[in-house]
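J.: What follows is the residue order along each chain.
Number of protein chains: 2
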Amino acid sequence: MKKWEDNIRKVVPYVPGEQPNEPEMIKLNTNENPYPPAPGVQRALETMDAGCLRLYPDPGAHDLTAELARYYGLSEDQVFVGVGSDDVLAMCFLTFFNSSNPILFPDITYSFYDVWADLFRIPYQRPMLDERFHIRKEDYFRENGGIIFPNPNAPTGVEMPLEEVEEIVRRNKDVVVIVDEAYIDFGAASALPLIKRYENLIVVQTFSKSRSMAGMRIGYAMGNPVLIKYLNDVKYSFNSYTMDQTALLLGQEAVKDEGYFRETLGRIIETREWTKEELRRLGFRFEDSKANFIFASHESCPAEELFGALRAAHIYVRYFMAPRINNHLRISIGTQQEMETLIRFLQKYLKKYEEK
Amino acid sequence: MKKWEDNIRKVVPYVPGEQPNEPEMIKLNTNENPYPPAPGVQRALETMDAGCLRLYPDPGAHDLTAELARYYGLSEDQVFVGVGSDDVLAMCFLTFFNSSNPILFPDITYSFYDVWADLFRIPYQRPMLDERFHIRKEDYFRENGGIIFPNPNAPTGVEMPLEEVEEIVRRNKDVVVIVDEAYIDFGAASALPLIKRYENLIVVQTFSKSRSMAGMRIGYAMGNPVLIKYLNDVKYSFNSYTMDQTALLLGQEAVKDEGYFRETLGRIIETREWTKEELRRLGFRFEDSKANFIFASHESCPAEELFGALRAAHIYVRYFMAPRINNHLRISIGTQQEMETLIRFLQKYLKKYEEK
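Protein sequence lines, in the order shown, are assigned to chains A and B. Residue numbers for the first sequence follow numbering that gives the first Met the number 0, beginning at 0 and rising by one. Residue numbers for the second sequence follow numbering that gives the first Met the number 0, beginning at 0 and rising by one.
Please note that the accuracy of each hint is not assured.
Stretches of chain A that chain B covers, calculated by requiring three or more beta carbons in the stretch to come under 8 Å of a beta carbon on chain B [what the hints assert, rightly or not]:
hint, stretch
1, 121-131
2, 214-228
3, 232-241
The calculated PhoX-like cross-link candidates involving lysine-lysine, where the alpha carbons are at most 20 Å apart (straight line), are [unchecked claim]:
hint, chain 1, residue 1, chain 2, residue 2
4, B, Lys172, A, Lys2
5, A, Lys2, B, Lys2
6, B, Lys228, A, Lys1
7, B, Lys26, B, Lys275
8, A, Lys172, B, Lys2
9, B, Lys26, B, Lys1
10, B, Lys275, B, Lys228
11, B, Lys1, A, Lys172
12, A, Lys136, A, Lys172
13, A, Lys9, B, Lys228
14, A, Lys228, B, Lys275
15, B, Lys1, A, Lys195
16, B, Lys172, B, Lys228
17, A, Lys275, A, Lys347
18, B, Lys195, A, Lys1
19, B, Lys172, A, Lys1
20, A, Lys195, B, Lys2
21, A, Lys228, B, Lys9
22, A, Lys172, A, Lys228
23, A, Lys1, A, Lys26
24, B, Lys2, A, Lys228
25, A, Lys2, B, Lys195
26, B, Lys228, B, Lys195
These are calculated hints, taken from the structure and not from any lab test. This structure is a prediction, so every number in the text was calculated from the model and none was measured. Even for Gly, the Cβ is constructed at its ideal location relative to N, Cα and C.
Construct the entire structure; sequences and hints are all you get.
T.: Here it is, written out as structure tokens:
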């Protein structure tokens, strides 16, 4: 190792999830939305004047912030936008988690939380989910430096009832509690109405799932204006121009089309419920999911085997080789047709498996 | 102050430069390019399929990285892209500056360096530019934890000769040296050829100035594959999907059109040299600039007064109320027509001023 390498920050290299790109594949591995963004997004692309791109974007992202505020019935100073919810969450960690007490998040949850905590040298503890993969609210009633959890949780899809979310927020008024609602629009109850009553609450959402715009990297945080101002101060000190002009413009168009949003959500939820039925019939077990994915294990066939078999058939799902969850598959909800193809494949495969 | 506010990171809120938006204004305050991006950028916008936006972008940004590698005659593993050079530079600070020795950068330079150092708790020292605003290379020959400087420097526009850059890199082989070349394409000599010989050198450039794409937020770092891998590891651990699909696509188009690039650069350089002549004639003093701006003070009229007068005439330039440079204006190079309007205004204003 060279002398100059001594000073370099060493991190465990993160390996991003597989992004296969085959014409006939069925991609159910990264919880993307199977439907395109709202039609206004395409129109905005086609009519955008590239000449404007020579200018810096609005660092305050006012038009997009205003559109989100309007949609959620908030004021503009209650909304913060960033480069996907990963950027927003990382800024939240950096801004709100500066205690010497450990922050708390579940042992099984979104895989970036411990990475950010390590990166920013934030101490943390990870209370275990119960054996049914539910968060035990009591684990979050002890002294801590802040709390974060997704609702519904990832990769389990399990929703925490709003009363329990509120109890955690209420019993932790001395720290900031972040509810990461990446999957909230697929049927769970949002903590957003609570931000009026609890000034220590931040709710984070994203355009990547329910608004079909993973490719545009837009996330946002909502909370009381004091918290949002702290977030903006840290963000500006770091990089004042993060959201490019196309993201600011296309994001607005996606929010404006409430009808399309409701329609595609409805279709995904319908397909999810159909898929649950079929998976149960095939001998899969899972907690009820309120997200756009199902986290399931089969009563006899090992998840890793199924993962490999699906992959060989160009059906990509997600498998985590991690303690407690290494016999589960996380299956994103695609179009009805894609899920029918998946189920047909599983029917055949499991029939042969049982006959062995 | 509430108890939960105790744990919040407090930073000095950064106030982004003025982004006025008036139909008839002349905007010479943020070093934007007066010409639109290459025509292929507009075509790419118009023909892009919004349907793809439902998918995550390529986290490795391979197509854009490959296009840049091709352009500069590098291999792909020598190029790292990020959300504007601010993102790239911040990742460089986080990755490369982890020593207990102070890093070194000039007292007068890009205003984000000390902000990032403070944010990441990196110790630093700021050697003074000489009285002509030149970097004294000898100041960088002492023990340190890393070095960064822009070439040409900002906001002075002064170029450091390549031999001096090389001497600094060669005499600091135990640390990483970052040369921030945001303005390099406007006529200064790049340190890029040195990355073959010095494995401790990182060169950072941007699409915001010479490629007319400030609105798209694209920056990049070039260096030996070991340094680039460390950068990618830190970046992935932080946020693996930062570059949205439009940035990845439009960035490629901008790089492809070498002819347009050379043509618009030529025009800006010509206008800059014309502007230098005119400013000299009007009694302005400045070091020779190799950037797309001129950093000038007038022999009799105070900069702050001129700044206000220009502003009242809807001509926006940049004034820094900071020690040693508070009698200077930083004037971006606009179109020839814009600069002629500026010069005519100054002729009239200074005539009246001298008569007083």
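J.: Please write out, lowest number first, the hints stated earlier that are contradicted by the structure.
T.: Hints 1, 5, 9, 10, 14 and 23 contradicted; others consistent.
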